[in-house]
Amino acid sequence: MSFKNILENFSYYRRDAEDGGHHDYDHRFGMTIDLDICTGCNSCSTACYAENNLAVVGKERFEKGQAMHWMRVERYWDNIEGDYAEEGAKFLPMLCQNCGAATCEPVCPVAATYHTPDGLNAQVYNRCIGSRYCSNNCPFRVRYFNFWSYYEDSWPEPLNMQLNPDLTVRDKGVMEKCTFCVQRIRTAKDKAQREERVMADGDVVTACAQACPTGAIVFGDTMDPGSRVSKLWEKHQIHRGPFLQKKDKTNEEIRGYRIFDELSVDPSIMYLERVRDTEV
Amino acid sequence: MSQVIEDKVIDEKLEWSRINADVIASMQAPRKAYWVTVFVCLTMFLCAIAAEIYQYKMGLGSAGLNNPHMWDMYIATFVFWIGMSHAGTLLSAILHIIHAQWRKPIYRFAEAMTTFSLMTAGFFPMIHLGRVWNLYWVLPYVSDRGIWPNFRSPLVWDAFAISTYLSSSALFLFIGMIPDMAILRDHTTGWRKKLYGILCLGWRGDDRQWRNFRRTYMLLACFLIPLAISVHSIVSSDFAMSIMPGWHVTTFPPYFVAGALYSGCAAIMTLFVCLRYFFRMEEYMTLNIMEKTCKLTFAIAMVWTYLNLIEFSSTWYGHNIYDKEVLIAKATGPYAAVFWTMIFCGCVVPFTLCFQKLRRHMPSMFVVSILLNLGMYVERWMIVAPTLAQAHSPHQWDVLWGSVIQWAIVFGSFGWFGLLFLVFVKLFPCVSMYEVKELCFHLKHEIEEEEKAKKHATTKAAGKAEEGSGRTAPGTPGLEGA
Amino acid sequence: MSRHRLLAMFKDFDDAFDVVDKIKAKEVSGVEVDDINMMSPIEHPNVDEKLGKRPINIAYFTLAGAIFGVTFGFFFLSSAQASFLVQPQGGKPVVPLPTNFVLMYEMLIFFAVWTTVICFIFLSGLGQKRGTLYSEKLTVDEIGIVVEIDDSELDSVKNFFKNNKALEIREEKV
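Chains as they are written, first to last, in the numbering used here: chain V, 1 to 280; chain F, 281 to 762; chain Z, 763 to 936.
Honestly, the hints are just simulated from the structure, not real lab data.
Mixed in with the good hints, there may be bad ones.
Lysine-lysine pairs mimicking DSSO-like chemistry, simulated, CA-CA at most 30 Å apart [stated by the list, open to error]:
| # | chain 1 | residue 1 | chain 2 | residue 2 |
| --- | --- | --- | --- | --- |
| 1 | V | Lys90 | F | Lys604 |
| 2 | Z | Lys812 | F | Lys293 |
| 3 | F | Lys474 | Z | Lys899 |
| 4 | Z | Lys899 | F | Lys735 |
| 5 | F | Lys732 | Z | Lys812 |
| 6 | Z | Lys899 | Z | Lys812 |
| 7 | Z | Lys927 | Z | Lys899 |
| 8 | F | Lys572 | F | Lys724 |
| 9 | F | Lys724 | Z | Lys891 |
| 10 | F | Lys735 | Z | Lys927 |
| 11 | V | Lys249 | V | Lys235 |
| 12 | F | Lys288 | F | Lys740 |
| 13 | F | Lys293 | F | Lys572 |
| 14 | F | Lys734 | Z | Lys899 |
| 15 | Z | Lys891 | F | Lys288 |
| 16 | F | Lys744 | F | Lys732 |
| 17 | F | Lys293 | Z | Lys773 |
| 18 | V | Lys90 | V | Lys64 |
Chain V on its own, in the form it takes in the complex (with noise of 0.2 Å):
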């Protein structure tokens, strides 16, 4: 806490998200996930219940709206008049888009949540007072709250068996969210670090991208130009950064865009438009 601390880097703690913001990003993890090969069949959303110990939350509380799916496939209808229920549904995975200017992180009053030097944004439980503000001012709305002490029923004895340790079960009162299973990145980066090596694409698989069965889910580190998902967000014309993005529309192979984004929160997702086979 030095005044000489403050008035030799008071330039640098003046920068913004605009200025490339004062983290020297070591990695910046990104994902890309294409809806035209989606089909909806929710294993990503099941993956991260087991990943990342979430509770199930019963119906009654889900038709509440207090359910506590990190991953959530949400499903959008332009005409509903076919002949079956789910006919025409567009299927839409969303989940924690890790925005490189996050607004959830600056409302947060005990600093519970903040960005990494992996470009993720974290959340910290122990530190979560449950204020809910970061939730109220998440645009995509993926950021869950514990309503209840749902660690007192939701996994029965033998089902705790079958709980991640590498991560914490949480209590009520305690913010979450998808963190690209950072208990993987860790790891992987450990492990890397073990092995006197840098960590390459595929040594981190996050839950939903490994089970996803049409591998519609792609994540890697958007900092390594040799990774797949780079690769994806260049040549669908995507940068990192809180700019609209300036792409191509006239090549229908460029199907990239981030959702929201005039709302400039830069994220960390790229998605790939669905193929229209009919004329709309």
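Starting from the known structure of chain V, arrange chains F and Z on it as the hints suggest.
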């Protein structure tokens, strides 16, 4: 057209000893009505305690909250109570600076209302937290792990602002009461005498004390006004600093301050009617003062209406589809009934304050003030819920109405406020005795000066007339008014 | 040489100010206008005219408190933010000036108010003992004039007050 009644603010011939006696009488042995009110308030408060205990143990799911309605009635009520506190500051500080003498008989209970509203509001940031026991992490203290609260967050600004405002208001109330404490020390006995003797800090009414007092009071008033405005602007920034449609509005700070002054003035009207009736303060809380309060409320109501219109028009002119949809949903969607209640109570009902007959009719003013406050409470809720119901992500659109637990706690907060206020009126003078004496003194002087001037004018005219008729006019300056 | 203090009670401000004017006009010896202490149930707007201006220094302390609040606020907040670098970003810089200004403003007012109140209590001599001359009627409607005089002038001053509509005279030895 019936005659417009114009009467004096107060009867300037009131004997000062009578002022003392009347106000001290209001603090004496309470009658049955008082105990009934205390009992009712206590019951309401206990409901809230029970609900909060349940919520504390079970989690906020028992309050019926969900994703997206992470905030609901607690935040709305919080803003409501903070808002109600502003009129006390308006009356004590703003009207003091512009030397509006009519505030003198009523500002004491208004200032008390400020302090107690803040004490009530202070509960809500606590109870709406998921982990209440860690509330103190919001305060900036030196921790051995070098962790600080996030100063960017409007909720931390709230913590700073509300603690500043609460302590400043309490100090302002206390300082303003010192001469009254001296009066009470001199004219009561027993435990009261001891209590007031301590609280008046040895006030003797001597020259040095009065001069310093006058300066201090003016300084505190000058600081309290920007503080009050900044506090409610900061509370509004809980909403304005987010990106939610319907919240991210630049006019929120003045809108909230106007709404605060509005609901506070309405609350002053309610308390005015109650105290005037129960303590028989007709001589002090005169109809003239009620009229002035009503006119002030009307002016603020029109400001509030204007700011609403500004918000609606700028949303309409802008092409932000999220904001537009939220506004249309407010007026025509599931919350429409509540929206139109707000518009009716906030924009239409104040026109009753234009009629003098109604302004001077206390039961009508009681009803009107309750309706105005209802409109303002509903307005706060209409800020919170419809935005959360229809934000950016369509998958998370949801309509929520409050639950039993929320209602119990909100209801109980009124009980707590009532309890605090009821204790106050029996322990401390709800009418400021020395200021009423000052008011009478100034009014007496004004009337004397007016009469002197009139006599001077008539004698001059008489003198001129006599001169005109040839006789020498006697020297007139010696005619001093009686 | 011993001194006495006298408290003379008057019906209202007019009577009291008549006496003050006479004292100013030196109609009685042993008492100067600057030594007069007037006790009253309310403040009178013309007291400065009648008794002369007396220095009130509270505003300087208030200013000092306000300046302290602002500078302390800025340095405290910036150092906390600079040392807690993991602080949430949201694309915002480490030391964001707009938010710091808000908090500096609050601290300005906080310190200004507390300094004013604490200095008021000291500067107005609220806690000090100033003799026991007092009358309950001072908190009803009477005005008191307190003077401190030598024993030799005691009787002449008392008579002066009696001749000028004093309702009551109390005295004590200093």
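Holds or violated: Lys293(F) to Lys572(F), with C-alpha atoms at most 30 Å apart: 21 Å, holds
30 Å limit on alpha-carbon distance, applied to hinted pair Lys724(F) and Lys891(Z): 35 Å, violated
Straight-line alpha-carbon gap Lys744(F) to Lys732(F), limit 30 Å: 18 Å, holds
Given hint Lys288(F) paired with Lys891(Z) - CA-CA distance at most 30 Å: This hinted pair is violated, its Cα atoms lying about 42 Å apart.
Pairwise hint evaluation, Lys735(F) against Lys899(Z), where the allowed Cα distance is 30 Å at most: 35 Å, violated
30 Å Cα cutoff - pair Lys812(Z), Lys293(F): Answer holds: Lys812(Z) to Lys293(F) is near 25 Å, not above 30 Å.
Agreement of Lys249(V) and Lys235(V) with the hint, judged by alpha carbon distance not exceeding 30 Å: Given that 30 Å is the threshold and the Cα spacing comes to 13 Å, the pair holds.
30 Å Cα cutoff - pair Lys90(V), Lys64(V): Since the Cα atoms of Lys90(V) and Lys64(V) sit roughly 24 Å apart, the hinted pair holds (cutoff 30 Å).
Given pair status - Lys927(Z), Lys735(F), alpha carbons within 30 Å: Holds. Lys735(F) to Lys927(Z) sits at ~28 Å (cutoff 30 Å).
Pair hint outcome, Lys293(F) versus Lys773(Z) [Cα-Cα no greater than 30 Å]: Holds - the C-alpha atoms of Lys773(Z) and Lys293(F) are around 15 Å apart, at most 30 Å.
Satisfaction of hint between Lys812(Z) and Lys899(Z), Cα-Cα up to 30 Å: 22 Å, holds
30 Å Cα cutoff - pair Lys474(F), Lys899(Z): 19 Å, holds
Hint compliance for this structure: hints 4, 9, 14 and 15 are not met, and every other hint is.
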